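Asker: Sequence:
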Amino acid sequence: MSLLFRRASLASLGLAFGLSALSLSPLMAQQTAPAPADAAAPAAAPVDPNTVIATVNGQPLTEADLVLAEGELSQQFAQLPPEQRRAAALSAAIEIRVMAAQAVTTGLDKNPDFQRRMAFLQQRALHGEMVEKGVVDKVTDAEVRARYDQEIANTPPANEVHARHILVKTKEEAEAIIKQLDGGADFQKLANEHTSDPSGKTSGGDLGWFGPGQMVPEFDKAAFALEVGKYTKQPVQSQFGWHVIKLEDKRTKQPPAFDDVKDQAKQAVIRDKYFALVKSLRAGAKVEIPDANLKKAVDTLESAK
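Under numbering that gives the first Met the number 0, the first residue of the sequence shown carries the number 0, and numbering increases by one thereafter.
The set of hints was computed from the structure by calculation and includes no laboratory data. Just so it is clear, the structure is predicted and the values come from calculations on it, not from any experiment. Don't take each hint at face value.
As the list claims (entries may be wrong) - Using 30 angstroms as the maximum straight-line C-alpha spacing, the simulated BS3-like pairs for lysine-lysine come out as follows:
| hint | residue 1 | residue 2 |
| --- | --- | --- |
| 1 | K272 | K261 |
| 2 | K249 | K188 |
| 3 | K178 | K232 |
| 4 | K232 | K170 |
| 5 | K304 | K137 |
| 6 | K249 | K278 |
| 7 | K188 | K178 |
| 8 | K272 | K304 |
| 9 | K249 | K261 |
Full structure from sequences and hints, please.
Answerer: Listed below in structure tokens is the structure:
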């Protein structure tokens, strides 16, 4: 598959300015199934986000504030039992408020470095909000399906084969096995008796189905050159030893089902929409970089997006 995009949380999309630097993974990659919901657990009653949970120096700390604290500090609370996380989040929120108030009292909020950092954090948060509302929320199911269909249509059909092998240490051993096969010996029985591949000693050397490039090159070339039911008439050498290979069957590899890869297809649509939005906004922005070398480096990065 040519559809390449790392799965990422919306939060990381919002915070990562260098989206173009994300490494990419194939659409064919297996997806981790979400854990099933506990059917026996009762649905939680809706909570008013404006409910006051505590007051700190007379200022209300609401349910919405607590939810935000839990989300922002979730990594710190990951090792805590679920029943303790709410209390821990409230304790942290109170601690943050009293420390922040003291920082203002001592004038730390007026520090130029702090103000620059605050401006950057605000811009980063707005960037994330723009990604969420201006990109992610605008992706439709029809666009995701169309991207999947496009990738399937653009992917050339590929064969995969089902093979067995007998792995031995020397060419002479392999030649002796081929001689026995020529005399009518059973491949699976010989594999169980002679192969040095531990997984093949009880399966008749069965390797299952595999596609091009999944085996070492020498093995791959020999296996795909065989006709169904035939075995290699000459030993095949690889880094592991000497192989005698038998081709059991071949078939056209089936594309992944839409439901198995729709999350990756959606991420690809999000990626394309994000870069399109950035490109349009950058085109309308006046950006000046006096340092010629730095400008060249930035332009190179931009052209690669």
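Asker: Okay, which hints does this one fail, numbers in order?
Answerer: Of the numbered hints, just 6 does not hold.
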